[in-house]
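J.: Here the protein sequences line up with chains A and B, keeping their order.
Sequential numbering of the first sequence, starting at 1, is according to this note's numbering.
Sequential numbering of the second sequence, starting at 1, is according to this note's numbering.
Hints are not guaranteed to be accurate.
One copy or two, it doesn't matter: identical chains are merged, so the pair holds either way.
As the list claims (entries may be wrong) - When the alpha-carbon atoms are kept at most 27 Å apart in a straight line, the in silico DSS-like pairs for lysine-lysine are as follows:
hint, residue 1, residue 2
1, K258, K169
2, K267, K199
3, K379, K278
Since the hints were derived computationally from the structure, they do not count as laboratory data.
There are 2 protein chains.
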Amino acid sequence: MFRTLAAASAALGPQAAGWVRTMASHQLLVAPPEALFKPLTIPSRLLLGPGPANLAPRAQAAGALQMIGHMHKEMHQIMDEIKQGIQYVFQTKNPLTLAISGSGHCALEAALFNILEPGDSFLVGVSGIWGQRAADIGERIGAQVHPMVKEPGGYHTLQEVEEGLAQHKPELLFLTQGESSSGVLQPLDGYGELCHRYKCLLLVDSVASLGGAPIFMDQQGIDILYSGSQKVLNAPPGTSLISFSDKARSKIYARKTKPFSFYLDIKWLANFWGCDDKPRIYHHTTPNISLYSLRESLALIAEQGLEESWRRHREATAYLHGRLQGLGLQLFVKDPALRLPTVTTVAAPAGYDWRDIVNYVMDHFSIEITGGLGPSLGKVLRIGLLGCNATRENVDRVIAALQAALQHCPRNKL
Amino acid sequence: MFRTLAAASAALGPQAAGWVRTMASHQLLVAPPEALFKPLTIPSRLLLGPGPANLAPRAQAAGALQMIGHMHKEMHQIMDEIKQGIQYVFQTKNPLTLAISGSGHCALEAALFNILEPGDSFLVGVSGIWGQRAADIGERIGAQVHPMVKEPGGYHTLQEVEEGLAQHKPELLFLTQGESSSGVLQPLDGYGELCHRYKCLLLVDSVASLGGAPIFMDQQGIDILYSGSQKVLNAPPGTSLISFSDKARSKIYARKTKPFSFYLDIKWLANFWGCDDKPRIYHHTTPNISLYSLRESLALIAEQGLEESWRRHREATAYLHGRLQGLGLQLFVKDPALRLPTVTTVAAPAGYDWRDIVNYVMDHFSIEITGGLGPSLGKVLRIGLLGCNATRENVDRVIAALQAALQHCPRNKL
Chain A
1 MFRTLAAASA ALGPQAAGWV RTMASHQLLV APPEALFKPL TIPSRLLLGP
51 GPANLAPRAQ AAGALQMIGH MHKEMHQIMD EIKQGIQYVF QTKNPLTLAI
101 SGSGHCALEA ALFNILEPGD SFLVGVSGIW GQRAADIGER IGAQVHPMVK
151 EPGGYHTLQE VEEGLAQHKP ELLFLTQGES SSGVLQPLDG YGELCHRYKC
201 LLLVDSVASL GGAPIFMDQQ GIDILYSGSQ KVLNAPPGTS LISFSDKARS
251 KIYARKTKPF SFYLDIKWLA NFWGCDDKPR IYHHTTPNIS LYSLRESLAL
301 IAEQGLEESW RRHREATAYL HGRLQGLGLQ LFVKDPALRL PTVTTVAAPA
351 GYDWRDIVNY VMDHFSIEIT GGLGPSLGKV LRIGLLGCNA TRENVDRVIA
401 ALQAALQHCP RNKL
Chain B
1 MFRTLAAASA ALGPQAAGWV RTMASHQLLV APPEALFKPL TIPSRLLLGP
51 GPANLAPRAQ AAGALQMIGH MHKEMHQIMD EIKQGIQYVF QTKNPLTLAI
101 SGSGHCALEA ALFNILEPGD SFLVGVSGIW GQRAADIGER IGAQVHPMVK
151 EPGGYHTLQE VEEGLAQHKP ELLFLTQGES SSGVLQPLDG YGELCHRYKC
201 LLLVDSVASL GGAPIFMDQQ GIDILYSGSQ KVLNAPPGTS LISFSDKARS
251 KIYARKTKPF SFYLDIKWLA NFWGCDDKPR IYHHTTPNIS LYSLRESLAL
301 IAEQGLEESW RRHREATAYL HGRLQGLGLQ LFVKDPALRL PTVTTVAAPA
351 GYDWRDIVNY VMDHFSIEIT GGLGPSLGKV LRIGLLGCNA TRENVDRVIA
401 ALQAALQHCP RNKL
């Protein structure tokens, strides 16, 4: 090494001084890892869990494009198109609509960090893992958190929410439209109006439902709505969608304290995403390649039309439900009107270890289905039909795999 | 719409009940945006700004691969390989080493959110925009922030740091190795040892320098080190690299309060990334496609070798410096030993509006160079030679473009 250094030093002169000093006093003690000398190979999988889903071919192809800068006008154009696409899939005219540079959890934090101030009252509908996490984050940032807890499979009625609003006088209510851990579709009609009567903002998680179940942000009076890229949209995970009503925006701009996060500070992001009339100021380096794919996935749903996307999910999932019942399996959500049209929960088959079934389907068919999550762990199997995966052909494939699993997995070992 | 709904309702029976109710009481008021019906086109650019850089062909190709699940064993293998790759480029044996699902700013927040508790004393070396941002985030989370401010072009000496340590008794010191806004390479030898004498942890930002300037995390006593994916590594932005020493880990695990962020809670991430000996628990959905590319970019630098990567950057940048001086331009950083081997700052040419030059180079040559940022705005032009972009050919291209710009842009209009 020293011979090279001396040569470099001679060649480069004073420019090398700091470099030579550092190099001379240290040496490489950590070798390049052997594992990185092997090629990267990705197996082919049919992803029929609760997400991520397979990429749509067009979103996948966009992942292979070359970089441009985050401040180039072409990137601003793509960001503008993404904003319009989100406005369409959310059915909102909110100017404060943008993509977050992180997963759905990051969007949840963006919502809570910006809306809540320490001491604010926060009413949380907990009907599975997402409500638990919203409550956890609310506590971390010093809100007064009031969870309304449902057993997996339940949802929050207007009457229960009104009782919570009257009792806790919250600044914010959290509901999950598509509770992917239990397979429940939380109704949303009337909740926004109710919240506003109590001067409360309504925050809705639509990560697992957007594009599969109808949602009308403006008409339903939802103040903050977020979703993910890797479910029905069939884009890579790593970006998420969020929008704020004028009421929500006003609460943010009237804050007494700065949000804890700079990365997720909506005032900065609003400018960076061109949601105000000021020149865009550099905030952070956006995940441009992921945004290309998100743009393409929003283009796909715009071309298809929301109603067609809802219809396809409802029909494929109804077909799945029929086939599951044909295998003698029980749907976990009893009321058909409350079943998510994207992620189906099946009561874990009696006598089996659910892990055996999930593993059998993966090992023999290369199909992902999953067990429960959080409160539903051990109680259910979960099958997702998300975006381009929502087809009768895929239902037939997963049913054949399940049938084989039920035949071959050990019974009554529990 | 109602005709379709009625037909769907009849076909699907009770399953459609909730859907039909919601659809019947609302209608699509936001049309699919026209802009999304046009194809996505990405122009070809040579990205010689301070980053993002162009993607390495192999990292780019990985962006076109299909999804697998974030809990699949193949994904865990890729995450393990990324950890090993980070340990190599950081020259560390820290078990608590992983990738953050967000940009370099997000990694900075991950460091500060986990290390600092409200009231902690935080000493910040501010020699450009990154120190400003670290100070901003420190204030947001309630730390006692003590900035040590340098004019752009300066760096923090051991003596100055020792004065700050003695005066403010901080829990944490922040330094930027590669201050991309000023083009300064902050020396790091001796700072870790000094911090530890004062029972202070050392946090270093190497976003703009990693892979271009030598760094030895363990030997230099750096407690928390982070970097980005989109600079020398030539991977897409959206993931970042971070590692914590045992001292830093101990401070995190002895916290009295939870970090404000769940998304960036290192105790969760440590488990999720297999940095402890417990079974991995779902935390968030990782940006898998971006992680494929990051894995490939780490493989490229492992194959090339760190010393070769450092040498290539130093040589290409020395060649750039000579060519710039040949045009009659002045390097902004006077001491050659303090010049970053990745991002070069040139004093803004007298008589010109720097924006004209940047725009000319982009419009006529499709090459990105940039102006200053934060404290260096208006004072400099910035040219980055990052990873696969660090070649003599690229230097020749940008010099030809600059020469033309200097000939054709209006002079003395300021």
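J.: So, for every hint listed, does it hold in this structure?
T.: Structure-based check of each hint:
Both within a single protomer and between protomers do K258 and K169 lie at most 27 Å apart by alpha-carbon distance, with minima of 23 Å and 26 Å respectively. Taking identical chains as interchangeable, the C-alpha atoms of K267 and K199 lie at most 27 Å apart only when both belong to the same chain, with a minimum of 23 Å there against 37 Å between chains. Proximity of K379 and K278 under a CA criterion of 27 Å is satisfied inter-copy only: 23 Å between copies versus 52 Å inside one chain copy.
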